[in-house]
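For the record, the sequence lines run as chains A and B.
All the letters of the first sequence, read from the start, carry residue numbers 1 to 433 under my numbering.
All the letters of the second sequence, read from the start, carry residue numbers 434 to 593 under my numbering.
You may find that some hints are simply not true.
Calculated pairs, DSSO-like style, for lysine-lysine (alpha carbon to alpha carbon, straight line, at most 30 Å) [claimed, not checked]:
#1 A:K50 / B:K544
#2 B:K583 / A:K179
#3 B:K535 / B:K439
#4 B:K439 / A:K37
#5 B:K470 / A:K147
#6 A:K48 / B:K469
#7 B:K469 / A:K405
#8 A:K25 / A:K281
#9 A:K147 / B:K481
#10 A:K405 / B:K566
#11 B:K535 / B:K556
#12 B:K556 / B:K505
#13 B:K535 / A:K37
#14 A:K147 / A:K281
#15 B:K556 / A:K199
#16 A:K390 / B:K481
#17 A:K410 / B:K469
#18 B:K544 / A:K33
#19 B:K508 / A:K37
#20 A:K410 / A:K399
#21 A:K33 / B:K481
#22 B:K544 / A:K239
#23 A:K147 / B:K515
#24 B:K591 / A:K199
#25 B:K481 / B:K438
#26 A:K410 / B:K481
#27 B:K469 / B:K438
#28 B:K544 / A:K48
#29 A:K33 / B:K505
#30 A:K37 / B:K583
#31 B:K505 / A:K405
#32 A:K33 / B:K470
#33 B:K438 / B:K591
#34 B:K583 / B:K544
#35 B:K481 / A:K399
#36 B:K469 / B:K591
#37 A:K281 / A:K199
For the record, the hints were derived by calculation from the structure and aren't laboratory data.
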Amino acid sequence: MHSGEITIDSITKIEGTAGLSVTIKDDKVIDLKFMIKDYRRFYTSTVKGKPIVAVPSFLSRICGTCSIAHLLCAIEAIERSQDIKITEQTRLLRRLAYDGLMIRDHALHLYFFVLPDLLGIDSILDIPDDHDDFGHQLLHDSFDIKKAGSELSTTIAGAIIHAPMPTIGGFMSLPDVAKFPELIKQLEGIRGQVIRGVKAFAGMKDVLIRNSDYLALRNDKYFDFLDGEIINSSGKKIKETEFHNFLDSVVIPYSQAHGYVFSDDKQDYLVGSLARINLNKDSLNKRTTESIEEYLALFPSDNVYHNNLAQAIEILQCVDDAIEILSTIELVPEQPIRVPPRPGVGVGVIEAPRGTLYHMVEVDNQGIVIDYDVIVPTAQNQINIENDLKKYFEENLDKGEDVLKLEAEKIIRTYDPCMSCATNFLKIEWIRL
Amino acid sequence: MEKKKKLVVGWFSFSCSEDSTILFTELLNEHLDEWKKVIEFRHLKTLKSNNSIEGLDVAFVEGAIASPTQEKELKKIRENCKSLVAIGSCACTGTPSNCRNKLVPEEVNYKISWYLSNFDYSKEVKKLADIVKVDDEVNGCPMNAEVFLKIMDKYLKKYA
Numbered sequence: 001m002h003s004g005e006i007t008i009d010s011i012t013k014i015e016g017t018a019g020l021s022v023t024i025k026d027d028k029v030i031d032l033k034f035m036i037k038d039y040r041r042f043y044t045s046t047v048k049g050k051p052i053v054a055v056p057s058f059l060s061r062i063c064g065t066c067s068i069a070h071l072l073c074a075i076e077a078i079e080r081s082q083d084i085k086i087t088e089q090t091r092l093l094r095r096l097a098y099d100g101l102m103i104r105d106h107a108l109h110l111y112f113f114v115l116p117d118l119l120g121i122d123s124i125l126d127i128p129d130d131h132d133d134f135g136h137q138l139l140h141d142s143f144d145i146k147k148a149g150s151e152l153s154t155t156i157a158g159a160i161i162h163a164p165m166p167t168i169g170g171f172m173s174l175p176d177v178a179k180f181p182e183l184i185k186q187l188e189g190i191r192g193q194v195i196r197g198v199k200a201f202a203g204m205k206d207v208l209i210r211n212s213d214y215l216a217l218r219n220d221k222y223f224d225f226l227d228g229e230i231i232n233s234s235g236k237k238i239k240e241t242e243f244h245n246f247l248d249s250v251v252i253p254y255s256q257a258h259g260y261v262f263s264d265d266k267q268d269y270l271v272g273s274l275a276r277i278n279l280n281k282d283s284l285n286k287r288t289t290e291s292i293e294e295y296l297a298l299f300p301s302d303n304v305y306h307n308n309l310a311q312a313i314e315i316l317q318c319v320d321d322a323i324e325i326l327s328t329i330e331l332v333p334e335q336p337i338r339v340p341p342r343p344g345v346g347v348g349v350i351e352a353p354r355g356t357l358y359h360m361v362e363v364d365n366q367g368i369v370i371d372y373d374v375i376v377p378t379a380q381n382q383i384n385i386e387n388d389l390k391k392y393f394e395e396n397l398d399k400g401e402d403v404l405k406l407e408a409e410k411i412i413r414t415y416d417p418c419m420s421c422a423t424n425f426l427k428i429e430w431i432r433l
Numbered sequence: 434m435e436k437k438k439k440l441v442v443g444w445f446s447f448s449c450s451e452d453s454t455i456l457f458t459e460l461l462n463e464h465l466d467e468w469k470k471v472i473e474f475r476h477l478k479t480l481k482s483n484n485s486i487e488g489l490d491v492a493f494v495e496g497a498i499a500s501p502t503q504e505k506e507l508k509k510i511r512e513n514c515k516s517l518v519a520i521g522s523c524a525c526t527g528t529p530s531n532c533r534n535k536l537v538p539e540e541v542n543y544k545i546s547w548y549l550s551n552f553d554y555s556k557e558v559k560k561l562a563d564i565v566k567v568d569d570e571v572n573g574c575p576m577n578a579e580v581f582l583k584i585m586d587k588y589l590k591k592y593a
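Hey, can you work out the whole structure from these sequences and the hints?
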């Protein structure tokens, strides 16, 4: 039996400010609180009264790492409110920009934050400068992978963070097609490194199985982060406009973010790469599927640690998808579609790197925002993370404190939470009575 | 041969999108190998668990200050570093994280009031220079990478 109080002040290598408080009495967890502690900036209130044209680039500032996700989701919501139908060329260019985001963002999480867990070290800063060292090899793979993702986003969208080119109705200017052959070469060049990453992250031995409720977008034509219908693991299909009604928002008094459960059965659920691969692995790019068949056989999986492997698989998916588009797209001159402002409500739902992202805008007849709402993936995963941690602590109280602390960090980290969306560091307050 | 002193650096984030932290991790693609030889990252929670704010040559601070707790932390960082550099727009100007300063009373609905009263929000979001002495600024949203690299070089020459 354990007794006393322990406080860990800084769980690291996550994107966000969060806290965890665990109270244990008579070898039982009597209270566990997972708290998102990032101070709210009230951006969705700020955009009320502003013209819609100003909204996407402002709301991309919600988050640095997934800013392109917020940008495109805001654009989609506004376009739907204005009944703007984008061209196929715009759709493909957005997919390309998004592939770049996913490659860079997933690589940052996997290689900079999770890799030390895989290697049993504290930080990538501790990886030896030895070219034969496996960690060194993976870290240097990550530099190339991240660079390729960044190059792709920059070429298509103008920047990796707060990209200036995507706009309502299309693109401010079209990318330079002369750069496409070099991009294809770069993406082909990292394929082997990405597959090495898939193998490496498949080697993580950790297991935590609890929930099996997942939610993600599904496009029946191909694996897609931007267009589709929302499905969950019970087989329910939800239109994007109904997404908000499908969820119950849960006020969590100790957290700066609401949590969410399904509105019908009040159950928690998981969004993100694991949900996407579980629900959509049959629609992955053919070349991706052929290259990593044995690792795809691990899915569907209820092991939450497989979110890391799922991210590694999605990097390969995005590499192959981008190569295909870059090799076949023929750009024609296009201006962004503009229409006179009209009153309306629009909903955008896309898959951000960490899961399903929802933007809703209500616009008046002058094109001014009346109302805005955002639901981010980390808030949706909040209750699931808390319940996973409860299960872990309840089953492992016989372990030493150092092990429990480390594993709690690893469980949270595997979700790739983003509190900037949410960011900074995580404080754990651990109380044993 | 005498071992050259490394530049002791801390990287901190307050209220913002952490876009400059993300850009910093992108700069590591090209610079990590070289910086590891000349810089000790003593506080860098994005990348390591064992962090300390003591004895810093330079503190790079991203984000605006939104609460008394953050204000206290910032002052502690200032006491423990020789030079403090504001990183990105929120740290240098407060914007856009300070947009709640401009909300008029009728815009502060029940939901916003609940958060403001339930957690330790300060009355106004502030830029770093409102609270502590700032030695250098790297403006931009995210920070201007070229300016950041020049400032890093400046402090490498000054302290290492």
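Hints, verified against the model:
Between K50 of chain A and K544 of chain B the alpha-carbon distance is near 20 Å, which keeps this suggested pair within the 30 Å criterion. A hinted pair counts as satisfied when its Cα atoms are at most 30 Å apart, and K583 of chain B with K179 of chain A qualifies at roughly 29 Å. For the proposed pair K535 of chain B and K439 of chain B, the alpha carbon gap of about 43 Å is over 30 Å, so the pair is violated. Restraint check for K439 of chain B and K37 of chain A: the C-alpha separation of about 34 Å exceeds 30 Å, so the hint is violated.
The straight-line distance between the Cα atoms of K470 of chain B and K147 of chain A is roughly 22 Å, inside the 30 Å bound, and the hint therefore holds. Proximity of K48 of chain A to K469 of chain B is assessed by CA-CA distance (about 46 Å); at most 30 Å being required, the pair is judged violated. Taking the CA atoms of K469 of chain B and K405 of chain A, the gap is about 28 Å. The hint holds against a cut of 30 Å. Between K25 of chain A and K281 of chain A the CA atoms are separated by roughly 43 Å; this puts the pair beyond 30 Å, and the hint is violated.
Between K147 of chain A and K481 of chain B the alpha-carbon distance is near 22 Å, which keeps this suggested pair within the 30 Å criterion. Taken as a hint, the K405 of chain A and K566 of chain B pair is broken in the structure, with Cα atoms around 37 Å apart against an allowance of 30 Å. Proximity of K535 of chain B to K556 of chain B is assessed by CA-CA distance (about 11 Å); at most 30 Å being required, the pair is judged to hold. Between the alpha carbons of K556 of chain B and K505 of chain B the distance comes to roughly 15 Å, so the proposed pair stays at or under 30 Å and holds.
A hinted pair counts as satisfied when its Cα atoms are at most 30 Å apart, and K535 of chain B with K37 of chain A qualifies at roughly 23 Å. For a cut-off of 30 Å, the pair hint linking K147 of chain A to K281 of chain A stands: about 26 Å separates their Cα positions. With a CA separation close to 51 Å, the supplied pair K556 of chain B and K199 of chain A exceeds the 30 Å bound. Proposed proximity of K390 of chain A and K481 of chain B is supported: the alpha carbons are some 25 Å apart, at most 30 Å.
Our distance criterion of 30 Å between C-alpha atoms is met by K410 of chain A and K469 of chain B, whose separation comes to about 25 Å. Restraint check for K544 of chain B and K33 of chain A: the C-alpha separation of about 21 Å stays at or below 30 Å, so the hint holds. Our distance criterion of 30 Å between C-alpha atoms is met by K508 of chain B and K37 of chain A, whose separation comes to about 20 Å. The hinted pair formed by K410 of chain A and K399 of chain A meets the criterion: a straight-line CA distance of about 15 Å does not exceed 30 Å.
Among the hinted pairs, K33 of chain A with K481 of chain B is consistent with the structure: their alpha-carbon atoms are about 24 Å apart, no more than 30 Å. A threshold of 30 Å between alpha carbons decides the hint, and for K544 of chain B with K239 of chain A the separation of about 27 Å falls inside it, so the pair holds. Under the criterion of a C-alpha separation no larger than 30 Å, the hint pairing K147 of chain A with K515 of chain B is inconsistent with the structure, at around 33 Å. A hinted pair counts as satisfied when its Cα atoms are at most 30 Å apart, and K591 of chain B with K199 of chain A does not qualify at roughly 44 Å.
Our distance criterion of 30 Å between C-alpha atoms is met by K481 of chain B and K438 of chain B, whose separation comes to about 21 Å. For the proposed pair K410 of chain A and K481 of chain B, the alpha carbon gap of about 13 Å is at most 30 Å, so the pair holds. Of the pairs offered as hints, the one joining K469 of chain B and K438 of chain B holds, with about 12 Å between alpha carbons and a cut-off of 30 Å not exceeded. For the hint linking K544 of chain B to K48 of chain A, the alpha-carbon distance of about 15 Å falls within 30 Å, and the restraint holds.
Taken as a hint, the K33 of chain A and K505 of chain B pair is honoured in the structure, with Cα atoms around 25 Å apart against an allowance of 30 Å. For the suggested pair K37 of chain A and K583 of chain B, the alpha carbons sit about 33 Å apart, so the restraint of at most 30 Å is broken. Distance hint between K505 of chain B and K405 of chain A is fulfilled; the C-alpha atoms sit about 27 Å from each other, no more than 30 Å. Proposed proximity of K33 of chain A and K470 of chain B is contradicted: the alpha carbons are some 41 Å apart, above 30 Å.
At most 30 Å may separate the alpha-carbon atoms for a hinted pair to count; K438 of chain B and K591 of chain B meet this at roughly 11 Å. Restraint check for K583 of chain B and K544 of chain B: the C-alpha separation of about 44 Å exceeds 30 Å, so the hint is violated. Taken as a hint, the K481 of chain B and K399 of chain A pair is honoured in the structure, with Cα atoms around 23 Å apart against an allowance of 30 Å. Of the supplied pair hints, the one linking K469 of chain B and K591 of chain B holds, its CA atoms being roughly 17 Å apart against a limit of 30 Å.
At roughly 17 Å between alpha-carbon atoms, K281 of chain A and K199 of chain A fall within 30 Å of each other, so this suggested pair holds.
Against the hints set out earlier in the document, violations occur for numbers 3, 4, 6, 8, 10, 15, 23, 24, 30, 32 and 34.
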